[in-house]
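S.K.: Please build the complete structure, drawing on both the sequences and the hints.
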Amino acid sequence: MRERAAVAVGLALLVAAPFVLEAMDEAFLLSVLTRMLAYALAAAALDLVLGYGGMVSFGHGAFLGTGAYVAGVLLHHRADGTAVIDWPVRIGGTAEALVAWPAAALVSGLLAAAIGAISLRTRAVHFIMITLAFAQMVFFLVLALPQYGGTDGLMVPGRNVLVGASLAGDAPLYWAALALLVAFLAFARSAMAARFGLALKGARMNERRALALGVPVYRIRLAAFTLSGAVAGLAGAVLANQSSFVSPDLLSWQRSGELMVMVILGGQGTLFGPVLGAIALLAAEEELAALTEHWMLILGPALLVVVLFFRGGLWRVVAGKGGHA
Amino acid sequence: MTATLFVEQTLNGLQFGVMLFLMAAGLTLIFGIMDVINLAHGSLYMAGAFVGATITARTGSFTLGVLAGAAAGALIALILELTIIRRLYARDHLDQVLATYALILTFNEGVKVLWGPAPIFLSAPAALAGTIEVLPGIPYPTYRLVVIAAGIGAALFLGWLIGRTRAGMLIRAGTTNRETVQALGVDVGLLFALVFAVGGALAGLAGVMAGPILAVQVGMGEQILILAFVVVVVGGLGSVRGAMAGALLVGLTDTWARALLPTLLRGLLPPASADQVAANLGSVAVYLLMAVVLAVRPQGLFPRHA
Amino acid sequence: MTIARMTTSRRRLLGTAAALPVLGLAAPAIAQSGPLKVGMITTLSGPGAALGNDIRDGFNLVVKNAGGRLGGVPVEVVVADDALRPENGRAIAERMVRRERIQVLTGIVFSNVMLAAAPVILPAATYISANAGPSQLAGEGCNANYFNAAWQNDNLHEAVGQYVTQKGLRRAFLIAPNYPAGRDALTGFKRFFKGEVVSETYTRLDQLDYAAELAAVRAAAPDAVYIFLPGGLGINFIKQYAAAGLRARTPLFGPGFSFDQDVLPAVGDDALGCFNSSQWALDLPLPANRQFVDTFEAEYKRLPSLYASQGYDVALLIGSAIAATRGRVGDRAAFAAAVKKADFQSVRGSFKFGNNNHPIQNIYMREVVKDAQGRVVNRTIATAFEAHQDAYAAQCKLPA
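Those sequence lines, one after another, are chains A, B and C.
Quick note, the working numbering runs 1 ahead of the 1-based positions in the first sequence.
Quick note, the working numbering runs 3 ahead of the 1-based positions in the second sequence.
Quick note, the working numbering runs 243 ahead of the 1-based positions in the third sequence.
Source of the hints: derived by calculation from the structure; they are not laboratory data.
From the three backbone atoms N, C-alpha and C, an ideal C-beta is built for every residue, glycine too.
A portion of the hints provided could be inaccurate.
With beta-carbon atoms standing in for the labels, derived distance ranges [as the list claims (entries may be wrong)]:
(1) C:K410 / B:L271: 34 to 44 Å
(2) A:Y219 / C:E439: 53 to 63 Å
(3) A:V85 / B:P306: 34 to 44 Å
M.R.: What follows is the structure, given as structure tokens:
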């Protein structure tokens, strides 16, 4: 089966990458790849909502950015030796990834649950707009936080440690990012094949029928939206480590748009497609920006052509099998 | 807060609301009739401002600039509809969002290539530059009053177009039941192109009217676009009346929040933190308004399938 | 553009390599050979594009005038657009420093991009800022390999505070966006302003309409209004300030950022009579400055802004250090020492570095006027500070 072969080859390439790059004295590219993997994780998470659930969320940048801020803020307070909050319970900073990353996922997940609970009462275009507007709200709230740098962003001192072992350097973080991505893809793949995924897809294709069959559509969608937000937050935590810096730019509507582009470019409803889409988009941005100052004049029309004429995305080209177009 | 200040701020809110209405009216019609979400609507606003500013500079006539801005908005909208948007009617909203997002990137860079990266100049004619005493002791910028008048004029025109003409009848029918219109044997393609051009003209008009008050620069469209979305969602998709109500509500909420909150909060908190909290609340007031409206009425204030 | 040509072929390879890391396409790292490379990370797209454009043009002018050389050594300026995204700025910095092994960098416009890129650049290269001057890099966090040849962020605000006090204006109304640079700006102003602050109003960063604030200004009837509203925000405000009829009643003050050649042509007559501060001015009667202004206008058909002057000065400064080290920029201690001497003819006149590698320089007050050709420009009216140093220098452990 071609898709299975494509996944195997992709995974083999990603596993071999650190060794090959090391041998070629190009270890620097590993940091670039780590960033791509983090975006790939966020894009795959968005695919749950967008591709499988048919919910067009224009606000996933808010979850990505929130996760990045949680990890960054915990490291910041840890370095300062101060508390994140003193009341009602004292929560100090931490560098431990086993605490910080789940915390990033938790906070982003809670935010997604709150935004989802209101947004999912609406449909179609309303949903697109309301997720966008909520993301803007989060964006402005973060901008206004003086203690975490506001628009300047926050320099993150050092990196997380994983059970005491530092994630400093290019390779350890790369492996952590790859492990998270693989774990999420494996989990999401099976969840989408299980009852949860079938109900989610069923609700997308025919909501009335799903309701008639007794599927709790609202709750299923909210669960998917929350999970997706949490995983996007996790991706944000990886990004905060990769760049040692978090800024409100991560929460902006342009980032939300870019995540959607990654999903569509790769192929929605395929999980692997968005991973490919993320890597392709970031590589294309880098390549085009090096070609000309007016690189957006190439990227814009290129995206337009992809949307108009290449339905199904890159994954269909690679694996011979797309999701629904 | 004195009574004069209150009157002045209310006028400010109205003026801002009217501006938003010009943007939101086109958006909501395009949603309502074609069921298309057009992120590039802000690009039409930007195009209107740049073309208007250029024509004003070339001819020295602001009136010609305004007409040119509106015409540019209509023309570009028409070209977009015929070449690209038309292919998106059968697609889902996701494809529409992405295609029009790609258009934003293209337009922003295109304007930068044509006009350069720096903001360009556009100002109101000397006759509109001063202030008028609207009430004793309340001077108000003449140009802002002109904007309010232009916005009301545009609203009346839309009301006439939709309420009194055959095209309007079809538009009304189209927002509630597209199949019926098609069954009537109407050239739907022509109707859609017309609606798109009208929306584009209003956006272009908004852009050029905003020019003397705001910076004419690349990216100006996205700033107002998101607020226009809020207006459309609050008002109810497809409803021009809703867009008007939503625009005024958003304009007034935004202005009052900025004007009243600092004074209110200073009574409750120490001055430094009062200013801080007020500024934060002010930035999210509009989005809070939207959340509240949607929590109570998910379809907006004037749902189209009422 | 020939000089600023990007190293296309090499970076194309990089892009491909990033996409296909293990298909054997990754090009080997290329050792430094040929012309000396100077990295310029700057903002060339989005709302801040005009600033980066001016810095780049000012910098390139020096290189062009010297026949493609700086300090007698052939150079290649590698330009990349950060699009005002900190993440992009960092990625570009990483590529330039780690892959292309560039050892001299400049160009970043905005503090947020600077703070994101600094941890990547400073361990491996020398950075000379042509604009962004965040306090984080001026005080305790100062660095022997980081220089700022423009100003520390607070400087221009402090100058206006000083000038308003000197002028005997007692009551000031302050407006800035609600973000750190905005609060820092007003703090800088208040550091030297001795009168009464009537109101300290923080506005939204995406705010289009200032009618509410203008109504409050009218009601408060202050002696002076001070704004720090960068870029488009400033244009909006100044236009609306004039339209509200306030320009004739209360003088408007600001830092040079809101009143220079990047925005003045867009604001026009509405800016006339406003006062602002800058370390440089179009009309400074110095031979170096005259040459700069004349060649800039001849080359680019527009008047230079303070950003252009900063790009130009940084190029001169780098040139002086390259000449002093005979092009051996790899010896970082020697190169940094040569930069710190600031042995060049700055277009702003006297200039030297303090212990924290930030400028000690005069700050001038300027008034917006119409020149003989009817263009809206700045005229220097006073010197607010002589040999002024920033407030953070004392916290910096670097030797003077």
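S.K.: A separate judgement is required for each hint: does it hold in the structure or not?
M.R.: How the hints compare with the structure:
A C-beta distance of roughly 36 Å is found between K410 of chain C and L271 of chain B, which places it inside the suggested range of 34 to 44 Å. For Y219 of chain A paired with E439 of chain C, a C-beta distance near 57 Å keeps the hint of 53 to 63 Å intact. V85 of chain A and P306 of chain B have their C-beta atoms about 43 Å apart, which keeps the hinted 34 to 44 Å range intact.
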